[in-house]
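Enquirer: Here is how the chains run, residue by residue.
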Amino acid sequence: MMMRILAVLIALALAPLATPAFAVLPDEVLEDPALEARARELSKELRCLVCRNESIDESNAGLARDLRLLLRERLLAGDSDEEAIDFIVDRYGEYVLLRPTMSGANLALWLSAPLMLLLALGIGAGYLRRRSAAAVAAAEAEALSPEESARLKDILGQ
Amino acid sequence: MIAELGHFALILAFAVAIVQAIVPLIGAHKGWPGWMAVAIPAATLQFVLVGISFFALTYAFVTSDFSLRLVVINSHSLKPMLYKVSGVWGNHEGSMLLWVWILALFGGCAAWFGGGLPDRLRARVLAVQAAVGVAFFAFIIFTSNPFLRLAVPPFDGQDLNPLLQDPGLAFHPPFLYLGYVGLSMSFSFAVAALMEGRVDAAWGRWVRPWTLAAWLFLTIGIALGSWWAYYELGWGGFWFWDPVENASFMPWLIAAALLHSAIVVEKREALKSWTILLAILAFGFSLIGTFIVRSGVLTSVHAFANDPERGVFILLILLFFMGGALTLFAARAGAMEAKGVFAPVSREGALLLNNILLAVSAFVVFFGTIWPLVAELFFDRKLSVGPPFFNAAFTPFMVALAIVLPIGSILPWKRASLGKVLRSLRGAIVLSLAVTALVWAMQTGRSALGPIGLGLGTWLVSGALVDLWLRTGRSDAASRLRRLKNLPRADWGKAVAHIGFGITTIGVAGLLAWQQEDIRVARVGETFTVGAYQITLEDVRDVQGPNYLSTMADMRVEQDGRTLAVLNPEKRVYPVAKMPTTEAAIRNGVLRDIYLVIGDAQEGGGFAVRTYIKPLANWIWFGSIVMALGGLLSLTDRRYRVAAGARKARPAGVVPAE
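From first to last, the protein sequence lines are chains A and B. Per full-length UniProt numbering, the very first residue in the first sequence carries number 1; after that it's consecutive. Per full-length UniProt numbering, the very first residue in the second sequence carries number 1; after that it's consecutive.
Errors might be hidden in some of the hints.
[What the hints assert, rightly or not] Below are the BS3-like pairs computed for lysine-lysine, each with C-alpha atoms no more than 30 Å apart in a straight line: (1) B:Lys267 to B:Lys414; (2) B:Lys485 to A:Lys44; (3) B:Lys420 to B:Lys339; (4) B:Lys485 to B:Lys414; (5) B:Lys382 to A:Lys44; (6) B:Lys267 to B:Lys485.
None of these hints come from the bench; they were simulated from the model.
Modelling step: build the complete structure from the supplied sequences, incorporating the hints.
Expert: Dropping the structure here:
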């Protein structure tokens, strides 16, 4: 743990001095376009560990380049998408995943959107029911009672 | 000397704010007009004093006064004048000074133009506004003082972060702050209404223009930031779901919800307590945003440790104001009796759905943004929540919103028939489905995003046009066209803003679905083909800028043998800040941008070159501007001028004629 923090700190300190580069460099691109496309898609899901909030696909940092090369190596070695991602997660931790896993406490995160929506819709529906009930009540209050309608008929009939 | 004047003015403003927060509140409670009236000159004085302070700091930046710590850290004598000025708010201390100045400006506006408000309400609004001010004055003076001097001034400064030396970013923070801080007005109105224990149609009409103004500034601010990211960061991304971006997006979503619910309060006297809650939350999210940006707790775990004092201070401000306002809300909201009654299928019902979608989506963004913190604190898991999560969790809300928007916007109030409304939208439905089908058939890839996004965008735009047309009544086309011109500005504003949303939707979908990219090593003189374009790297040369060194390329872009443009992408190095930046060269077009980036010289000769074809990119920001324009149109509607009417003296007890 200490070593990793140290490594990150050193990388952070060196980052501004490192040669500025692009995200994906021409020499990284794989020969096989299908494999390269897979690599690009996977790169978008992996975080550059020394950057503020960039994927390794976007980042210029040296570490991101290393990760891109590592990912391509794994793909060339015949890994499936999951295997390649797992390989990197094993080494760099869950922190590297930009799409959090659906395991354990993270379920709360993934379910938050549908649950909050259902809750809000429920509250909204309750409110609507009260409002339309109020509408019916208001209409009834304005409507004539049986005696009044009888009297009205009486008057109109004459 | 001038810096000391600024410092002194800031402390005086702090004192004035304390008076303004206390005296009018007591006056309003006891019904003493003299005490309530204190708020007005106090608000003016506060604005003037912070203004003096801000200009003193600007003066120090413009004259490169390197005895000021802040100027040393963020400026350099060779920096262009524009960035010397924008450097004032390009750092923590200066930006907080701008924050309180805008806060005082909004308070001043309520004092100057709030003559139409009941005295008691105005006194309370200004007192709450000043209370927020007190907290932030204390924050600046005790933790982030911009006027600190250095005992030994250095010969020159350390320069502003080169990424920030850009016209787009020079104006991004002021607009964003006008939006963030503008929501403090809605907050002050909400808290004042809770103190009064009364919310009515008039309140809805008073609070709406402030929210509208804040929302439109926020729209412009976010659009500027996104546009900057697009051309400056070197690969043409426009939204990253970065915590700092989310910090501005959450208040935007809540403010959009608030705008719509305030209409229901104004027209129908329903959704009152909900609107109050939204007004509190909108500013709450602004404060959370300020906390996230200023503490750095989420962008990088280390930054918080660097400055725990500031983070904790803002957290305390947040807890105090949200805790106080929500407690008051819990105690008083029950008294807000709704008057208007309506059926589920009605304009009110549709606006409620709009509010649910916008508010829940804001909470989804919030949840995703703070989840890494929650996971680390409570579950001991260090994880990231990035764009893949937000795209999956957030997008469905916007799709649902886009589907119901045109229907909801023409539903009649109280009770409506869905069938009738859908019949009026027949044309728009057919057109949107046709666009979806056409795009599906024409596109080369198999992306569903493009056709659906363009179809939804068409649906929004055509639905807004149908809305306008329906407003003109039922006579012949000629007189309807005439009437179109005389429709209230608010009707136009609504349609224009909705059209803007449609345009942005089209832009986002088009860019994400059909972007093309080419990465290669090109030698000088080499020509290569990307999409329909032939691109030649003609020359690469070194250029000396005012405070940077640039490697600039001449690249010719041709289509069918005809030259479209010669573009000059650059790679700059700022020696003082020791930072490189990429300056992409972009050929803007209505249907596509051509986006060129030049990189390092390669070992075997040639340069790394990236080419992007970005379809419909400009529609994203154009749509945002149209949205803001819609807000502006709505803001100039006659009924707000009558409501704010204010400036015209009117005899007491006479209801203004509309």
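Enquirer: The structure should be examined with respect to each hint, and the outcome stated for every one.
Expert: Verification of the supplied hints:
{"no.": "1", "hint": "B:Lys267 to B:Lys414", "in the structure": "holds (11 Å)"}
{"no.": "2", "hint": "B:Lys485 to A:Lys44", "in the structure": "violated (49 Å)"}
{"no.": "3", "hint": "B:Lys420 to B:Lys339", "in the structure": "holds (27 Å)"}
{"no.": "4", "hint": "B:Lys485 to B:Lys414", "in the structure": "holds (27 Å)"}
{"no.": "5", "hint": "B:Lys382 to A:Lys44", "in the structure": "holds (19 Å)"}
{"no.": "6", "hint": "B:Lys267 to B:Lys485", "in the structure": "holds (23 Å)"}
Hint check: a violation occurs at hint 2 only; the rest are consistent with the structure.
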